[in-house]
Amino acid sequence: MTQHFFPRDEYFMKLALREALRSTEHDDVPVGCVIAYEGEVLAAAPNERELRGDPTAHCEVLAIREAARRLGTWRLNATVLYVTLEPCAMCAGAIVLARIPRVVYGAADPKAGAAGSVLDVLGEKRLNHRPEVAGGLLAEDSAGILREFFLTRR
12 MTQHFFPRDE YFMKLALREA LRSTEHDDVP VGCVIAYEGE VLAAAPNERE LRGDPTAHCE
72 VLAIREAARR LGTWRLNATV LYVTLEPCAM CAGAIVLARI PRVVYGAADP KAGAAGSVLD
132 VLGEKRLNHR PEVAGGLLAE DSAGILREFF LTRR
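If you read the sequence shown in my numbering, its first letter stands for residue 12, the second for the next number, and so on.
Keep in mind the hints are simulated off the structure, nothing from the lab.
Note that the coordinates shown come from a computational prediction; the quantities given were computed from them, not determined experimentally.
Be aware that one or more of the hints could be misleading.
Derived lysine to aspartate or glutamate pairs resembling EDC-like cross-links, with alpha carbons at most 16 Å apart [said to hold, decoys possible]:
#1 Lys25 with Asp65
#2 Lys25 with Asp131
#3 Lys25 with Glu143
Simulated restraints, written as ranges between beta carbons of each label pair [what the hints assert, rightly or not]:
#4 Lys122 with Gly83: 34 to 42 Å
#5 His15 with Thr163: 17 to 25 Å
#6 Arg80 with Thr163: 30 to 38 Å
#7 Gly50 with Lys122: 28 to 36 Å
Even for Gly, the Cβ is constructed at its ideal location relative to N, Cα and C.
Model the full assembly from the supplied sequences, consistent with the hints where possible.
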């Protein structure tokens, strides 16, 4: 993992933060995702597990599905996935399978992160695809939204 960011990364991460806030409208954990392609938003999604009653309705999975539909292919080459929280093992697996070349995340997830915190699915050398990963962009903003959400529920 690196902390190498490009000029437009912050713009897309701020859009992902807006998606995270949308999650709270239906009482989901506030995590948001944006997938960029050729400098434009290709797909965006908030977490929707509670809304859909679906344990796989993480924002990354929903955004990957939308991006694949819009591009007409499961290979999401030349895309960048922005997510406010380090991807879990399921989402990291979907990122690998979709061949997304770059992942930028906000806050690390010391309980379920699979980009180096608990597991390193995205850096696993035995897999046939390893995206570039940059973590920590607007991490405090991402963590703050999560802290506020959980403070009101405990």
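Requested in this report: Enumerate the violated hints, using their earlier numbering and listing them in ascending order.
Outcome: Hint check: 1, 2, 3 and 5 fail, others pass.
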